[in-house]
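Can you make the complete structure from the sequences, with help from the hints?
One-letter residues, chain by chain:
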Amino acid sequence: MSFVCSLPILRRTILSTFLSLVAAGLVTAFFVPSAPAADQLTIYSGRGERLIKPVLDAFTASTGIQIELLSSGTTELVNRLKAEGDRTPADLLITNDAGSLELARTAGLLRPLNMREVERAIPAQFRAPDNAWVGLSGRFWIVVYNHTMVKPDQVKSLLDLADPKWKDKIAIPNSGSEYLQAGVSVIRATYGDEKTRQFLQGLKTNADSQVYQKSSQIVDAVAKGQVALGIVNHYYVYRYLATQPDAPIAVVMPDQQEGGMGAIMNVSGVGVVKSTKHLDSAKLLVEFLVAQAGQKLFADLDKEYPLHPDVKADPALMERKSFRAALVPLSKLAELREPTINMIEQVGLR
Amino acid sequence: MSTIRQQLASPLQLLVLATAGIILLPLGYVTAQALSADPVVWSRLWATRIPELLFNTISLAASVAVITLVLGVSTAWLVTRVDFPGRRLWEGALVLPLAMPTYVLAYVYSYLLGFGGPVEHLWQLVAGPQARIFSPHSYGGATLVMALDTFPFVYLLSRSALLSMNVSFEEVARASGVSRLSTLWRVTLPLMRPSIAAGVALVILYVVSDFGAVSLLRYQTLTYAVFQQMTGRSDNTAASILSLLLVGLALIFLITERWFRQRSRFYQTTGHYRAPQRHQYGWLGTVAVTGYLGLIVGAAFALPASLLIQWSLSPEAQATLDSRFFGFVWNSGILAASAATGGVLIGLPLAYLASRRPTMLNLGCLQAAYAGYVLPGPVAALAVLVLFTKLAPVFYGSVLILIVAYVIHFLPAGLQSLEPALQHISPNLEEVARTLGLGMRDTWRRVTLPLVRNGFVVAWVLMFLQTMKELPATLLLRPVGFDTLAIRVWMEASEEYYQLAAPSALLIVLLSLPALALLVSKDWRAA
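Protein chains in written order, with my numbering: chain C, 1 to 350; chain Z, 1001 to 1527.
Any given hint could be a false lead.
[Unchecked claim] These stretches of chain Z come out as covered by chain C in the derived footprint (C-beta under 8 Å, 3 or more residues): (1) 1215 to 1223; (2) 1475 to 1481; (3) 1493 to 1506.
Quick caveat, the hints were computed from the structure, so don't treat them as lab data.
Just so it is clear, CB atoms sit at the ideal spot from N, CA and C, and this is done for glycine as well.
Here is the structure:
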């Protein structure tokens, strides 16, 4: 008894389909990003927006070049660049991790640069051999502790955090964090897989549910005394202290003991996307970021270590020459990445 | 006549098939990727993540389902069958939590219940300075937040059922000497069963595919794990495997719900009802009812909303209110409206055919449409992205692919109301209209459409609200310069900048309110 499925409905359906197609067309005409003007750059950025936007705003102020910023996760953006191929609207990729830049370079997503300004400003170990990516600022993976709960000499190495005495007293970043992946890669390269696995097991047990998505949350948890210790990039601590100078937190620069591996270093960096149609503007931005003025912004606003040898870090930070960095080259982070992620997952870190 | 009918039916049939096909394509992509994955990846996941994730997901869905069932049905019954001062006000207020995204509620509660938060301070006044309360970053916390946020789905559908129910069934029972409680148990609740089942299914699907709340509360579910796999890894094989499990899980819920609903299909025989008689409660009853409703609405809406207002008025938050802000508002509104309209247009033929010609094929197409909702946001996003790159690269980087992902993702939310709306009309009504000489067009315009209008409005509003709040797919698919309010909330809240997240969150709530007002307005209910 189904008379009802009939002409009027059909007409309506066809009509509404047609209308929706027209609407879709209009929407498309409206929203397909029209080719950006010549004095505009589109940037995919894996860095926290509040860390990078002030620097980019300074660039816009001095050159008049407008910037469209898409902030997201670093790995996610590299995946996106891969999927988008030549059609990507992005002109530059900015990340919080050298390994991701190297992966993007080996995937052929970035464009080699021949720029004397870059070579003069940034030491060779902080950029790709062909300058397809260029490091901008240095960061160290440190231990932040609450000095009402822990004495500074109780922790000397990152590996100490796996000690059972810190059960339920530490906070760590989640397994998707590029810092964590890079840090574990360096530990693997230094101590081998077995020891790294034991370290991760201990870390997992000690942190339990204190696994955070953002480093700023870890610093906050330590400052409030929710946990005694945490592993984060150094600048989150100094940025926190800049706004809340009375917070009971301090930094251990780990693994400086005799025979220790040295502090784990990573760099944030930038690469020009291969298919960019605004190469000149893009180069102008790279030039701005590596020059002394740009480097000083990273030092002052973000509390990072500038990579330009002539630019000083914020005086609140430990003098860069007073501690050692681990000896694993940054470009090696890329090839170490995949097995590291597998190990992190096997151990079952969240 | 019969051949004409077949000819006419087939294009509609084709359209439905095509729609189902388009919805199934992303699922097919994900399935293919998962099944072609290296067995090593499968065994690694089984050995490490899958047991924990499955357990976490199922137990969260179960506890939320039970709590929302109790909250939703009890509140719906109170506002429709009891008379107490302010009843109309509560009737509307109970829908308000729908305007509050789960991640907003999650971040408000991680502040309230969090370490060193206000609730803990209060508790320490009572129980001593070292006392701790339960952490919101746990199973309990996730259950609380999800239940408070999703019970209105059950409430809305139960309330609709109670209002459109022909009271003569109940009156007959009462007249035959059945007690009031027994009538409720043996007549009213069974009559509500299709709506209740639909509401709870909606809640379960929502919980299972939620990303915002569980990630802020750091409670590991399958959907959260999929997002972590996708954003933390360069290939998404593991993400596809976890998604396949998720889809399997949701299919089990859907089939259960279907089976449940198949057993109880009721037709209404008249379009004119008297309002049901409302019980009069004494002052004690009134206080109890008001307290109960106040507690629920307070915890799910009033308290979080007032915190948001307070935070939004802080100087830090005021500083973020610049011209960028208008862009976010515009983006959110236009995206949500397009997705809701698209969803209703696509959902209508699916629901119609499944209801009027429940062949295996049509029911299959309808079920296919439900797959989108349980394809977690991030994977739906990625699959849509890859499909568009292959099929229509012109649209690449446009808002259109984001809207397609929304429609696929949220169509089930709309179908859940389109479907019962169509089911509730007896086909006899249309046939009678035809017999009495009304043309097909007039039958549709004067009989069918007015009867299903409620369902349409509810469907559109539900999809609008959910799209506005959507997070993971927006994060992954948004074109450059197309940040929405949800994205802004997420960016600030995930770093616990409560004040900075508040203005965007408050705006989502405010933009949702007119839509909600439509939901509870007399206008469509009277139809």
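Point to revise | Outcome, coverage of the stretch 1215 to 1223 of chain Z by chain C - at least 3 residues whose beta-carbon is closer than 8 Å to one in that chain | key: Three-residue rule met by the stretch 1215 to 1223 of chain Z, so holds; n is 3.
Check your understanding: Within the stretch 1475 to 1481 of chain Z, is the number of residues with a Cβ closer than 8 Å to a Cβ of chain C three or more?
Key -> holds (count 6)
Practice item. Check, residue by residue, whether the stretch 1493 to 1506 of chain Z contains three or more positions whose beta-carbon lies closer than 8 Å to a beta-carbon of chain C, and give the verdict. Key: Three-residue rule met by the stretch 1493 to 1506 of chain Z, so holds; n is 3.
Checked against the numbered hints given earlier, this structure breaks none of them.
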